[in-house]
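Undergrad: Single-letter residue listing:
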Amino acid sequence: MGRTPLASHLLLSPAALWVLVLLVSPVALLILLSFAKIGAYGRILWRFSLANFAQILRPAYLWTIGRTLVYAGATASICLLLGFPAAYYLSFAADSKRKNLLLFAIMLPFWTSALVAIYCWLIVLGREGLLNTLLLRIGFLSSPFSFLNTPFSVILGLVYFYLPYMVLPLYAALEKIPQTLIEASHDLGAGDLKTFLRVILPLSWPGVASGAILIFVPCLGDFLTAEFLGGPKTYLLGNLIDNQFLAAQNWPLGAALTVLLMGLLMSGLYFYGRVEVEETSRV
Amino acid sequence: MTLTTEEKAALKAPWGTVAPLLEIRGISKSFGRADVLSDFSLSVNPAEFLTLVGPSGCGKTTILRLIAGFEKPRSGRIFLAGRDVTDLAPYRRDIHTVFQSYALFPHYDVFENVAFSLRIRGLEEESVRERVAEALALTKLAGLERRKPDQLSGGQMQRVALARSLAGRPSLLLLDEPLGALDLKLRREMQLELKNIQRRLGIAFVYVTHDQEEATTMSDRIVVLNRGRIEQLGEPREIYEKPRTSFVANFMGAANVLEARVLSSSASSVELKIEDEIDCAVPNSGPASAAPSGRVYVAVRPERVAVHAQRPDDQAPGILARVQVKEHVFLGHSSQVYLKLFEKSRRPFWALCRSAPMNGALAPGQWVWAQFRPEDVLMLEPVERT
Chain W
6 MGRTPLASHL
16 LLSPAALWVL
26 VLLVSPVALL
36 ILLSFAKIGA
46 YGRILWRFSL
56 ANFAQILRPA
66 YLWTIGRTLV
76 YAGATASICL
86 LLGFPAAYYL
96 SFAADSKRKN
106 LLLFAIMLPF
116 WTSALVAIYC
126 WLIVLGREGL
136 LNTLLLRIGF
146 LSSPFSFLNT
156 PFSVILGLVY
166 FYLPYMVLPL
176 YAALEKIPQT
186 LIEASHDLGA
196 GDLKTFLRVI
206 LPLSWPGVAS
216 GAILIFVPCL
226 GDFLTAEFLG
236 GPKTYLLGNL
246 IDNQFLAAQN
256 WPLGAALTVL
266 LMGLLMSGLY
276 FYGRVEVEET
286 SRV
Chain G
-9 MTLTTEEKAA
1 LKAPWGTVAP
11 LLEIRGISKS
21 FGRADVLSDF
31 SLSVNPAEFL
41 TLVGPSGCGK
51 TTILRLIAGF
61 EKPRSGRIFL
71 AGRDVTDLAP
81 YRRDIHTVFQ
91 SYALFPHYDV
101 FENVAFSLRI
111 RGLEEESVRE
121 RVAEALALTK
131 LAGLERRKPD
141 QLSGGQMQRV
151 ALARSLAGRP
161 SLLLLDEPLG
171 ALDLKLRREM
181 QLELKNIQRR
191 LGIAFVYVTH
201 DQEEATTMSD
211 RIVVLNRGRI
221 EQLGEPREIY
231 EKPRTSFVAN
241 FMGAANVLEA
251 RVLSSSASSV
261 ELKIEDEIDC
271 AVPNSGPASA
281 APSGRVYVAV
291 RPERVAVHAQ
301 RPDDQAPGIL
311 ARVQVKEHVF
321 LGHSSQVYLK
331 LFEKSRRPFW
341 ALCRSAPMNG
351 ALAPGQWVWA
361 QFRPEDVLML
371 EPVERT
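Those protein sequences? They're chains W and G, same order as listed. All you need for this note's numbering is the position in the first sequence, starting with 1, plus 5. Just so you know, this note's numbering puts 265 at position 275 of the second sequence, and the rest follows in order with no gaps.
It is worth saying that the hints were derived from the structure and are not from the lab. These numbers were taken from a predicted model, which means no experiment stands behind them. Quick reminder that beta carbons are idealized off the backbone N, C-alpha and C, glycines included. Check each hint, because a few of them may be wrong.
As a list, the in silico DSBU-like pairs of lysine-lysine whose alpha-carbon atoms are at most 35 Å apart [as the list claims (entries may be wrong)]: (1) W:181 / G:62; (2) W:181 / G:138; (3) W:199 / G:62; (4) G:130 / W:199; (5) G:130 / W:181; (6) G:138 / W:104; (7) W:104 / G:62; (8) G:185 / W:199; (9) G:316 / G:175.
Covered by chain G, per the in silico footprint, the following chain W stretches (three or more residues, Cβ under 8 Å) [stated by the list, open to error]: (10) 180 to 189; (11) 203 to 209.
Given these sequences and hints, build the entire structure.
TA: This is the structure in structure tokens:
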């Protein structure tokens, strides 16, 4: 290195300042806020209190937190079930031309505005939307069914947005499996199904884990999907926070909910890190 | 697992000849526009160690992949123990492969890697354990059961790959340059060990290598391949001592290949004029003497050429030539002497001497005597020239 510690500290200081101002201080402020009290007309009283956290533990809030965890888990699972065949096809069956086209199609949702996509889903799922019209026309339904404001519509929206986050890491993991391992498995008497169960599936586990975490974590904080495709009955933690800050003007409670969310995210990432470390020590 | 003499005898067909374990009949295979094999046939006997040897691109790995079932031939059939397996998937053939890259499963430990084919077949836990232990003992891996492949050395990985293929007790084992990644010393050890294991188990091995020494060390029979064709097939000694073509003579050991004109030939001997300079009568070893052009290639092994400072006395006759030294290379256990056989000859000619001739005092430009016996002149294929 050859540089004195002082010089390197000085050189690093702009970056440190950047992190301090834009990252550490907002989070610190948020944590402080979560222990503050709410006064009249949304005024913040800077007095230490645990009231916000006590409030979170009320059943209404706990239900929402539980619902959020269930929806996030369901989204990750459905994405895994839908994403695995797609990733498998991409890495083993498709020729390179088709592969690029399909990868492009999978990444397309990234490039459309989330709001536009949500309005599209509203058009599809609405009472007079495409889906109802179709089902009425073929006689499957006798009267329009309200798909919106249901767990179905919210999870559908979440799956739609987060599916690429499952397909891409899975595809990367499957691509890394050497062809000779599959040949070796066939050579040792394993047919396609047994080769899949005993070789391909275990070796794709890092991809499954990354995909699941990449979906589960942002699902916990998602509020747009439930806001538009769902209703009060399907509100998630993100909507709750959104509500406290913007509608209820209860910033301390919103901050406490945010701190809780951060805690959940951190533990999710911690778990992911553990899996990663385990994988790298293994491979 | 060792076959007794009676069992080996039982493998023979009643009329006394061995029924081939594997028979390749007229296989053709091409990749894109390149023909790798055309109308290729070969049979492998039970319990034999057969080596396919040849330069890279000669088709030896393709032959192995066709036998294993990873490639489908364009035409021709493959029979295993009399049954047509040409259209069978690799996992339905009683054949296992040791891959060049080992292809160990990284998510399984040594035990589970070796147990793979046994678990696939649904063997009971007890017999799985028994047969894995057997295979590990055979390959000297006992004690490493719980290691993961990434915790093994190259030599150990090679042994695991071998144990994994042997545990399933196939009737035929294919080995694709399995020792290629090992260093020379380890490779030599493994060569002897492989031969030993093969002999004890009585499993037929089809071994692929580009290393002629490896082929000679281990094989019962050697197939020398060149551009998808069999140049020569035979026992190692036969291939070394009676190469049929200049390719075989050059590839299997070193050879000085020269051109000779056939002056006359009888049933027992052929009169040759080598490089238009040396007259000699050599034993008639085959149809090469009937070359339509009247010219054939001949080979002399460098280790059969003696170098003398003085003209040797007539008690040791043979072919004698006054030659000039071009280069003298000292190798330790032996030395190579590069010679200029004739003024106009552009073909390299060299002698491999056990000890340094004339106490190593050979200098470039010096005149010496080169001597070799007529029976060491190997007649090869006719010269085809317009």
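Undergrad: A separate judgement is required for each hint: does it hold in the structure or not?
TA: Hints, verified against the model:
Restraint check: the Cα-Cα separation between residue 181 of chain W and residue 62 of chain G comes to about 25 Å, which is no more than 35 Å; the hinted pair holds. Annotation: proposed proximity of residue 181 of chain W to residue 138 of chain G holds, straight-line Cα distance about 18 Å (limit 35 Å). Under the criterion of a C-alpha separation no larger than 35 Å, the hint pairing residue 199 of chain W with residue 62 of chain G is consistent with the structure, at around 22 Å. For the hint linking residue 130 of chain G to residue 199 of chain W, the alpha-carbon distance of about 29 Å falls within 35 Å, and the restraint holds.
Of the supplied pair hints, the one linking residue 130 of chain G and residue 181 of chain W holds, its CA atoms being roughly 31 Å apart against a limit of 35 Å. Proposed proximity of residue 138 of chain G and residue 104 of chain W is supported: the alpha carbons are some 34 Å apart, at most 35 Å. At most 35 Å may separate the alpha-carbon atoms for a hinted pair to count; residue 104 of chain W and residue 62 of chain G meet this at roughly 25 Å. For the hint pairing residue 185 of chain G with residue 199 of chain W, the CA-to-CA distance comes to about 33 Å; that is within 35 Å, so the pair holds.
For the proposed pair residue 316 of chain G and residue 175 of chain G, the alpha carbon gap of about 33 Å is at most 35 Å, so the pair holds. Counting residues of the region 180 to 189 of chain W whose CB falls under 8 Å from any CB of chain G gives 5; the rule of at least 3 is met. Remark: the region 203 to 209 of chain W is confirmed as covered by chain G, as 4 of its residues place a Cβ nearer than 8 Å to a Cβ of that chain, reaching the required three.
Of the numbered hints given earlier, the model fails none.
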